[in-house]
Amino acid sequence: MLTNILAISLGAILTNNFIFSQFLGICPFLGCSSKVDTATGMGLAVVFVMGLASAICWVIDTYILIPLGLAFLETLAFILVIASLVQFVEMFLKKSVPSLYSALGIYLPLITTNCAVLGVVLLNVQNHYNFIESVVYGITGGLGFMLAIVLFASVRERIEFAEYPECFEGFSICLISAGLVALAFMGFSGMKIF
Amino acid sequence: MTTILYSILVLGVLGAVFGAVLAFAARIFHVEVDPRQAAVREVLAGANCGGCGYPGCDGYAKAVAAGEAPCNKCVAGGAETAAKVAEIMGVSNDGAEKMVAFVPCSGSTETAELRFRYTGPEDCRAAMLFGDKSSKLCSFACIGLGNCAKACKFDAMHIVDGVAKVDRYNCVGCGACVDACPKSIVKLIPESQKIMPACRNMDKGAQVMKICKVGCIGCMKCQRECPADAITVVNNLAQVDVSKCIQCGHCADICPRHIITYFGR
Numbered sequence: 001m002l003t004n005i006l007a008i009s010l011g012a013i014l015t016n017n018f019i020f021s022q023f024l025g026i027c028p029f030l031g032c033s034s035k036v037d038t039a040t041g042m043g044l045a046v047v048f049v050m051g052l053a054s055a056i057c058w059v060i061d062t063y064i065l066i067p068l069g070l071a072f073l074e075t076l077a078f079i080l081v082i083a084s085l086v087q088f089v090e091m092f093l094k095k096s097v098p099s100l101y102s103a104l105g106i107y108l109p110l111i112t113t114n115c116a117v118l119g120v121v122l123l124n125v126q127n128h129y130n131f132i133e134s135v136v137y138g139i140t141g142g143l144g145f146m147l148a149i150v151l152f153a154s155v156r157e158r159i160e161f162a163e164y165p166e167c168f169e170g171f172s173i174c175l176i177s178a179g180l181v182a183l184a185f186m187g188f189s190g191m192k193i194f
Numbered sequence: 001m002t003t004i005l006y007s008i009l010v011l012g013v014l015g016a017v018f019g020a021v022l023a024f025a026a027r028i029f030h031v032e033v034d035p036r037q038a039a040v041r042e043v044l045a046g047a048n049c050g051g052c053g054y055p056g057c058d059g060y061a062k063a064v065a066a067g068e069a070p071c072n073k074c075v076a077g078g079a080e081t082a083a084k085v086a087e088i089m090g091v092s093n094d095g096a097e098k099m100v101a102f103v104p105c106s107g108s109t110e111t112a113e114l115r116f117r118y119t120g121p122e123d124c125r126a127a128m129l130f131g132d133k134s135s136k137l138c139s140f141a142c143i144g145l146g147n148c149a150k151a152c153k154f155d156a157m158h159i160v161d162g163v164a165k166v167d168r169y170n171c172v173g174c175g176a177c178v179d180a181c182p183k184s185i186v187k188l189i190p191e192s193q194k195i196m197p198a199c200r201n202m203d204k205g206a207q208v209m210k211i212c213k214v215g216c217i218g219c220m221k222c223q224r225e226c227p228a229d230a231i232t233v234v235n236n237l238a239q240v241d242v243s244k245c246i247q248c249g250h251c252a253d254i255c256p257r258h259i260i261t262y263f264g265r
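Chain order of the listed sequences is A and B. For the first sequence, this note's numbering assigns the number 1 to the initial residue and increments by one for each residue that follows. For the second sequence, this note's numbering assigns the number 1 to the initial residue and increments by one for each residue that follows.
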């Protein structure tokens, strides 16, 4: 059991990182990675949403949808859960951390359409994870997202001071460096755990 | 049948439950916002043109409610909106004069002589790469590829016969075209100013005669005949002093090149 959970966690954070090997959730990854602080906030919000979404979606799927033979409604129900959760996080941040709320801006409600979140809950179903495994996969998937976005934000902060040809100014250098970081993450892909 | 029923029931109940939770959360996490901010936002033009210098109408409404911005910055809304904003904020309205865009060039494809036929990208900046000029012989002329028209969000700027024309009825004076013009030709003038020379060529008269049928040749006729001494010829180009002009329109009548525009006739 424990080894299984460890394997899932390492897989979600490193080998099958949502951003760098599954290429999910690229939109907030590029949009919110210009500062490490903002990136950390975004990462934490995604960890929260992914973890909670995994738990709630698993319960809904196992105890409501599958017994009633409504497995085809999974995607729809999951989106409903995610959208509500994101709305909840937005309200919470607006009240408690207004600075982070304004820094995240439009990308906060966009977690709703963050395909990594929907990806996590759908993969949970696909991989037949039980409740604990689902939650672990959700949280570690979020942690993997956070690791990626924070790493990349630090890279981008350094790019600000780097010298590079003028034609790469702005998003092109950003995409190129994202590709290079993804390449570095390819190193984990050969790793066999247990 | 049961499947459909169950689908509707399950999704309906789920939606209702989440809605209830959110409604409850909204009450707990309620944030007090200055009600004036919403009220100000309501009366603004809502075009998000950025003419006020703030990021969109929401940004300006926030600044006004916080007392950081004057009430008359919404150029798209004009004096009417300024009055409404001032009423909400409970301050006196100092009034904003409505500005409109003006293109001081009349050199259409008919009247201005061409140097070559331009077939490159339909973009003034691209055409500017040909040595800071356009396909027209006059190096002061409007390029006429419509960067200003593309920038205009109010359908007030159009390219007519190769030169930009302002639709003063639609223009709100946001200044987007001023920023978009790579030759800095377009400028904002007060709407009350009815007289404007529509030429910016500073070449000598003889040179202008050769390259454009509607260019100012600096003949000084307007300067001599102006009853208010409001028009002067500087650098071979007629210029109007807005503070002195009495809007009589005499100069527009007597200009031998017909380049002094008189609006509102």
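In case anyone wonders, no lab produced these hints; they're calculated from the structure. None of these values were measured; they are calculated from a predicted model. Beta carbons: idealized from backbone N, C-alpha and C, even for Gly. Be aware that a few hints might be false.
[To be verified] Here are some chain A residues the structure puts well away from chain B; computed CB gaps all over 10 Å:
#1 I60
#2 L76
#3 F88
#4 G170
[Said to hold, decoys possible] Each computed EDC-like pair below joins lysine to aspartate or glutamate, with the alpha-carbon atoms no more than 20 Å apart:
#5 A:K94 to B:E113
#6 B:K187 to B:D167
#7 A:K94 to B:E32
#8 B:K98 to B:D34
#9 B:K210 to B:E113
#10 B:K194 to B:D167
#11 B:K213 to B:D58
#12 B:K210 to B:E110
#13 B:K165 to B:E225
#14 B:K210 to B:D229
#15 B:K165 to B:D229
#16 A:K95 to B:E122
#17 A:K35 to A:E169
#18 A:K94 to B:E122
#19 A:K95 to B:D123
Comparing the hints with the structure gives:
At roughly 7 Å from the closest C-beta of chain B, the C-beta of A:I60 falls inside 10 Å, breaking its exclusion from the interface. Some Cβ of chain B comes within 10 Å of the Cβ of A:L76; the nearest lies about 7 Å off, and the non-interface call is violated. With a least CB separation of 5 Å from chain B, A:F88 falls inside the 10 Å interface cut-off, contrary to its annotation. At roughly 18 Å, the least C-beta separation between A:G170 and chain B is larger than 10 Å, which holds for a residue marked as non-interface.
Taking the CA atoms of A:K94 and B:E113, the gap is near 61 Å; set against the 20 Å cutoff, the hint is violated. The straight-line distance between the Cα atoms of B:K187 and B:D167 is roughly 14 Å, inside the 20 Å bound, and the hint therefore holds. Of the pairs offered as hints, the one joining A:K94 and B:E32 holds, with about 11 Å between alpha carbons and a cut-off of 20 Å not exceeded. This hinted pair does not check out: B:K98 and B:D34 have alpha carbons roughly 29 Å apart, beyond 20 Å.
Restraint check for B:K210 and B:E113: satisfied, since their Cα atoms lie roughly 8 Å apart, inside the 20 Å limit. Our distance criterion of 20 Å between C-alpha atoms is met by B:K194 and B:D167, whose separation comes to about 14 Å. For the hint linking B:K213 to B:D58, the alpha-carbon distance of about 47 Å lies beyond 20 Å, and the restraint is violated. As the CA atoms of B:K210 and B:E110 are separated by approximately 14 Å, the hinted pair is consistent with the 20 Å bound.
As the CA atoms of B:K165 and B:E225 are separated by approximately 28 Å, the hinted pair breaks the 20 Å bound. Note on B:K210 and B:D229: the hinted pairing is violated, with a Cα-Cα distance of about 29 Å set against a maximum of 20 Å. Annotation: proposed proximity of B:K165 to B:D229 is violated, straight-line Cα distance about 28 Å (limit 20 Å). Between A:K95 and B:E122, the direct Cα distance comes to roughly 49 Å. Violation of the 20 Å bound is thereby established for this hinted pair.
For the proposed pair A:K35 and A:E169, the alpha carbon gap of about 17 Å is at most 20 Å, so the pair holds. Pair hint A:K94 plus B:E122 does not hold up; C-alpha atoms about 45 Å apart against a cutoff of 20 Å. Only pairs whose Cα atoms come within 20 Å are accepted, and A:K95 paired with B:D123 is rejected, the gap being roughly 47 Å.
Of the numbered hints given earlier, the model fails hints 1, 2, 3, 5, 8, 11, 13, 14, 15, 16, 18 and 19; all others are met.
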